[in-house]
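> Chains as they are written, first to last, in the numbering used here: chain Z, 1 to 124; chain H, 1 to 296.
FYI, nobody ran anything at the bench for these hints, they're computed from the structure. Quick caveat: nothing in here was measured; it's all calculated off a predicted structure. By construction, the Cβ of each residue, glycine as well, lies at the ideal position given by its N, Cα and C atoms. Among the clues, some could well be false.
[What the hints assert, rightly or not] Short derived list, chain Z residues pointing at chain H, Cβ under 8 Å:
#: 1; residue: Val12
#: 2; residue: Gly14
#: 3; residue: Arg32
#: 4; residue: Leu35
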Amino acid sequence: MGETCKKDPFVVLGVPPDAALDDILNVYKELRRRLNPERYQGTCLEHVASNRLKEVEQCFREILRLKKLSDGRFRGYKPGYYRPYYEGYYRRGDCCPDCGDLCTACACIWAVDTCCECSGGDCI
Amino acid sequence: MFGYVQPVRMELKIREWLEFKKFYCGVCVATRKHSSVASFFLSYDSVFFAILLAALNSGRGELKEKRHFCWLTMKPVWIFAGKSVENSSSVFTLLLKYKLLDDAVDRKSLFWKFLSGLISSKGLETWKQMKMTVVRYLKMLRQVELRNSSNLEEAATVFGGLTATIFKSFASDENQSLAMEHLGRYLGMWIYLLDAYNDLDEDLKRGSYNPILEFYKSRFLHKLKNSRKIVSEDVKQRMLNIVREKLYNYLDEVWKAYDLLVLKDFKSILDNIIYFGLQERTEVVLSGKKRVCHQK
Numbered sequence: 001m002g003e004t005c006k007k008d009p010f011v012v013l014g015v016p017p018d019a020a021l022d023d024i025l026n027v028y029k030e031l032r033r034r035l036n037p038e039r040y041q042g043t044c045l046e047h048v049a050s051n052r053l054k055e056v057e058q059c060f061r062e063i064l065r066l067k068k069l070s071d072g073r074f075r076g077y078k079p080g081y082y083r084p085y086y087e088g089y090y091r092r093g094d095c096c097p098d099c100g101d102l103c104t105a106c107a108c109i110w111a112v113d114t115c116c117e118c119s120g121g122d123c124i
Numbered sequence: 001m002f003g004y005v006q007p008v009r010m011e012l013k014i015r016e017w018l019e020f021k022k023f024y025c026g027v028c029v030a031t032r033k034h035s036s037v038a039s040f041f042l043s044y045d046s047v048f049f050a051i052l053l054a055a056l057n058s059g060r061g062e063l064k065e066k067r068h069f070c071w072l073t074m075k076p077v078w079i080f081a082g083k084s085v086e087n088s089s090s091v092f093t094l095l096l097k098y099k100l101l102d103d104a105v106d107r108k109s110l111f112w113k114f115l116s117g118l119i120s121s122k123g124l125e126t127w128k129q130m131k132m133t134v135v136r137y138l139k140m141l142r143q144v145e146l147r148n149s150s151n152l153e154e155a156a157t158v159f160g161g162l163t164a165t166i167f168k169s170f171a172s173d174e175n176q177s178l179a180m181e182h183l184g185r186y187l188g189m190w191i192y193l194l195d196a197y198n199d200l201d202e203d204l205k206r207g208s209y210n211p212i213l214e215f216y217k218s219r220f221l222h223k224l225k226n227s228r229k230i231v232s233e234d235v236k237q238r239m240l241n242i243v244r245e246k247l248y249n250y251l252d253e254v255w256k257a258y259d260l261l262v263l264k265d266f267k268s269i270l271d272n273i274i275y276f277g278l279q280e281r282t283e284v285v286l287s288g289k290k291r292v293c294h295q296k
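Based on the sequences and whatever the hints tell you, model everything.
Below is the structure:
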């Protein structure tokens, strides 16, 4: 992964920490376009621009890493799963390894709190 | 002093416009501490500088929002107060003092000297560091003017050097220092040349030094064998494309330097000023209009 960003990566990219990944990607692309080494070739800012570009790339990688990390926040409902979806956090694998979506469907049909965790049950 | 560095109001959000006004009033209040005369000369350039310094330092964090009663408009206003606003007003007051002294010599008028005397240097932190620099550059500028230099860029380069030194002195690290120096230099050159084009009629009437006029004389007038009287319309027509090319070259360098700055806050206002405001002002001055149509 190389060097890590020393400054606050969100400040370097000029995006708020809660910005959507798509917005961050757009800002990153725009910054890369503006800091294109060809634009600064032959000027006294050439060295500064290359440093800034490196910094932007490092910070973008850092933001991606931070965004992928689990922060335990509720991220809505995953399609096909009738329980809150917490990115990167599962109590028992991706879903119930034994019954899969069958328990979810049962829970939906009978509106019961089953013993299976994937349908929201908490009795185990 | 010039007021060319200003935002395009129609492109600002209401929130951004209100923040800009808070900066404007903040700089005005800070300037009044040095001299109430100075606040009458307040320009948008110093407001831009205050926003830039705030954005580079710690953004909104270091600024305090205060309520203040404005005696000019007789209304209560919100102002931003903080280190960046203070620094900007100090630099503005310093430049104004020496500009007025320079004008006093130019116009041979005691009135301007009296006005410059009203501006006190008390409490100006940056005064001591900057004073020598400002005096040195203004002396150099005066020499270029006395020589009637026909080089279009010579006087602008000296003025750019002055603004570059001022911008550089507020940078916090090496990379920022280089970017700020570049930004200050080309912004200063842009301001000087644009002001020269704007003041063409006035300078022609008064017989003052104007680099565009001198360039025109050296380039075009000898062909006409000095038989014709200089007409400002002719000067503008012949010089328009040359000046436009130079101005946009300067702006390109300003944009390059600005893109390298890491701004913590007020990015949208600064983007508006740098990308839209400077370009709009260039076109307004070159076209000879007083203002753009959407500001009617």
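> Indicate, hint by hint, whether the structure satisfies it.
Against the structure, the hints come out as follows:
no. : hint  : result
1   : Val12 : holds (6 Å)
2   : Gly14 : holds (6 Å)
3   : Arg32 : violated (11 Å)
4   : Leu35 : holds (7 Å)
Violation of the numbered hints given earlier is confined to hint 3; every other hint is satisfied by the structure.
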